[in-house]
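Q: Protein chains in written order, with my numbering: chain A, 3 to 340; chain B, 18 to 211.
Calculated from the structure, these hints are not laboratory results. Among the clues, some could well be false.
As the list claims (entries may be wrong) - With a cut-off of at most 27 Å between alpha-carbon atoms, the simulated DSSO-like pairs for lysine-lysine come out as follows: (1) B:K155 to B:K166; (2) B:K170 to B:K155; (3) A:K252 to A:K144; (4) A:K252 to B:K127; (5) A:K177 to A:K144; (6) A:K252 to A:K307; (7) B:K155 to A:K177; (8) A:K252 to B:K75; (9) A:K177 to B:K127; (10) A:K177 to A:K252; (11) A:K144 to A:K307; (12) B:K127 to B:K75.
Every value quoted in this text rests on a predicted model; they were computed, and no experiment measured them.
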Amino acid sequence: MDSIRIEQAAADWLIRRDSGTWSAADQAAFDEWLEPTAHRVAYIRLAAAWRETQRLQALGAGTAPGELPRPNEWRLTPFFSPRRQIGSRAAGFRPPPVRLALVASLLIAILLGSAWFLLPRGDSYHTAVGGTQGVPMADGSKVTLNTDSRIRVQLTARERRVQLEQGEAFFEVAKDATRPFVVAAGTERVVAVGTQFSVRRDERGVRVVVTEGTVRIEHGDGAMTEATPAMIEAGSIARIAGEGVLIQEKPRDEVERYLSWRTGYLVFRETPLADAVAEFNRYTTQRIVIEDAQLAGVRIGGNFKSTNVDAFVRLLEEGFQITATRTDGVIALRAPRQ
Amino acid sequence: MQAPLDTWFEREILAHEGALVRYLTRIWPNRDEVHDLRQEIYIRVYEAAAKSRPHAAKSFLFTTARNLLADRIRRERIVSIEAVGDLEVLDVLIDEVSPERWLGARQELKRVAQAFDRLSPKCRRVLWMRRVEQLTQKEVASVLRVNEKTVEKHLAKGVRLIADYLFGSKSTSEATKTAAGEAQSERERGQHQD
Numbered sequence: 003m004d005s006i007r008i009e010q011a012a013a014d015w016l017i018r019r020d021s022g023t024w025s026a027a028d029q030a031a032f033d034e035w036l037e038p039t040a041h042r043v044a045y046i047r048l049a050a051a052w053r054e055t056q057r058l059q060a061l062g063a064g065t066a067p068g069e070l071p072r073p074n075e076w077r078l079t080p081f082f083s084p085r086r087q088i089g090s091r092a093a094g095f096r097p098p099p100v101r102l103a104l105v106a107s108l109l110i111a112i113l114l115g116s117a118w119f120l121l122p123r124g125d126s127y128h129t130a131v132g133g134t135q136g137v138p139m140a141d142g143s144k145v146t147l148n149t150d151s152r153i154r155v156q157l158t159a160r161e162r163r164v165q166l167e168q169g170e171a172f173f174e175v176a177k178d179a180t181r182p183f184v185v186a187a188g189t190e191r192v193v194a195v196g197t198q199f200s201v202r203r204d205e206r207g208v209r210v211v212v213t214e215g216t217v218r219i220e221h222g223d224g225a226m227t228e229a230t231p232a233m234i235e236a237g238s239i240a241r242i243a244g245e246g247v248l249i250q251e252k253p254r255d256e257v258e259r260y261l262s263w264r265t266g267y268l269v270f271r272e273t274p275l276a277d278a279v280a281e282f283n284r285y286t287t288q289r290i291v292i293e294d295a296q297l298a299g300v301r302i303g304g305n306f307k308s309t310n311v312d313a314f315v316r317l318l319e320e321g322f323q324i325t326a327t328r329t330d331g332v333i334a335l336r337a338p339r340q
Numbered sequence: 018m019q020a021p022l023d024t025w026f027e028r029e030i031l032a033h034e035g036a037l038v039r040y041l042t043r044i045w046p047n048r049d050e051v052h053d054l055r056q057e058i059y060i061r062v063y064e065a066a067a068k069s070r071p072h073a074a075k076s077f078l079f080t081t082a083r084n085l086l087a088d089r090i091r092r093e094r095i096v097s098i099e100a101v102g103d104l105e106v107l108d109v110l111i112d113e114v115s116p117e118r119w120l121g122a123r124q125e126l127k128r129v130a131q132a133f134d135r136l137s138p139k140c141r142r143v144l145w146m147r148r149v150e151q152l153t154q155k156e157v158a159s160v161l162r163v164n165e166k167t168v169e170k171h172l173a174k175g176v177r178l179i180a181d182y183l184f185g186s187k188s189t190s191e192a193t194k195t196a197a198g199e200a201q202s203e204r205e206r207g208q209h210q211d
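The following block holds chain A by itself, in its conformation from the complex:
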């Protein structure tokens, strides 16, 4: 069984590369070992599996350092069910006291560190209509607020928590497997470990756009008994409204389009006028109103500066012969007269 011996050797190389003591000589020896295709295919296969195990981090979000979820009890990690005691570890494999001491001192260090910027209710940030703002967080993450939005940031030893009280924000999350990054929007919780995503909250519900990594959406008001959290991967858009979570996988450019606001532009492709107008209205204190129902479904496309409503309206007038009437901060759009 030659192939099994090769597989064992491949596993040994893989783990030795991971050991942190890897010299140029090791690399040379490894390169040589990897030369025959028999070795290479075995190695590729194990390296792929090894990389896959990184995904466990997404499930590990919310598990305290030193905790290990028991088999088939992923949803019972402290994060999902804070009141539940998870004390019983796999029998016979309890970490020795030194581990606990280590964890304890680490926690104290984090707490002390956090105390500097921790306010009881967290720091609040908001943007005016038409504005965007970058908010650097103490853990190295970055939040970009879209127009007319409000967040509250709370960093604790166990969790990095952002309450999205209103509007939309884009998150670039610094990696920290021990402290999940949680965005709460109403009753929805969006949980990430090292990832990029945006969360938007409006009267239609909550929308999550993921551009990198994976996030987990926990739907509902904490009664997590049976609900399975939805995992959303990069390139996906999830809409949450009422009881449902709809997940759509989109091509990269379309996902980027949802996030174009970060550059100050709104990008439309075959977008119904009603949606485009609703979008613009988020960025301006003026109100654009569609007076003729037949206009609502007109499809438009283009890149527009989000704060330049006038340019948008002018283009509508020129391109579609739409009549715009401006009175008291309201721009009324009417279909062309026949």
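Got chain A sorted already, so can you dock chain B onto it with the hints?
A: Okay, now just chain B, sitting in the frame of chain A:
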């Protein structure tokens, strides 16, 4: 940086490992040789793809498998043609062997978790500490008060089992059996060490 060929191999070929192994097990009378056959097929596919990347990876994989089996039957005479039946048998419709796709990230996550759950407790804990808590091998060793070689052994074994579960080459019963066996031998080893 991973070579494009390696990435291709991983995405287009390894994704079908479950189906491939089922195919081999069904046709080949000697199960002990399946691991070797699989490896041999991978080598052929990889080397052919290095010269020119096949368009339909899955049917290329199964054609390669079929040719390899046919070669063996003709040349080695280890198995009689009767034992395997007619060579036509090798042409089982590929899709009969339950079609597999590379899974979406969500299902993959679930599979990784399931694979992970099947490891022995020690293996599982070591892998968790290294991959989720991101302790170094050295740190894992010192926390668990074992030497680094032991940590390496657990990780090496863990990654092999995960690969088997993940790429689906083990049926559930086989996987359980192996996991139990691993746990058993681990316990025995533990007794020797302690």
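Q: Does the alpha-carbon distance linking A:K252 and B:K75 stay inside the 27 Å limit?
A: Roughly 25 Å between the alpha carbons, so the hint for A:K252 and B:K75 holds.
Q: Does the alpha-carbon distance linking A:K177 and B:K127 stay inside the 27 Å limit?
A: Holds, at roughly 21 Å.
Q: Mind checking the alpha carbons of A:K252 and A:K144 for me, to see if they're no more than 27 Å apart?
A: With Cα atoms ~24 Å apart, A:K252 and A:K144 stay inside 27 Å; holds.
Q: Check the hint pairing A:K177 with A:K252 against an upper bound of 27 Å on the C-alpha distance.
A: It holds: about 25 Å lies between the C-alpha atoms, which stays within 27 Å.
Q: When you check the alpha-carbon spacing of B:K155 and B:K166, does it fall within 27 Å?
A: Holds. B:K155 to B:K166 sits at ~10 Å (cutoff 27 Å).
Q: Starting from B:K127, check that the Cα of B:K75 is at most 27 Å away, please.
A: Holds, at roughly 24 Å.
Q: Holds or violated: B:K155 with A:K177, Cα cutoff 27 Å?
A: 21 Å, holds
Q: Is A:K252 close enough to B:K127, meaning Cα to Cα at most 27 Å?
A: 22 Å, holds
Q: Within a Cα-Cα threshold of 27 Å, do A:K252 and A:K307 meet the stated pairing?
A: 24 Å, holds
Q: Verify the proposed pairing of A:K144 with A:K307, using a straight-line Cα cut of 27 Å.
A: 23 Å, holds
Q: Hint check: A:K177 vs A:K144, CA-CA at most 27 Å. Holds or violated?
A: It holds: about 12 Å lies between the C-alpha atoms, which stays within 27 Å.
Q: Would you mind confirming whether the straight-line C-alpha gap from B:K170 to B:K155 stays at or under 27 Å?
A: 13 Å, holds
Going through the hint list in order, the structure satisfies each hint without exception.
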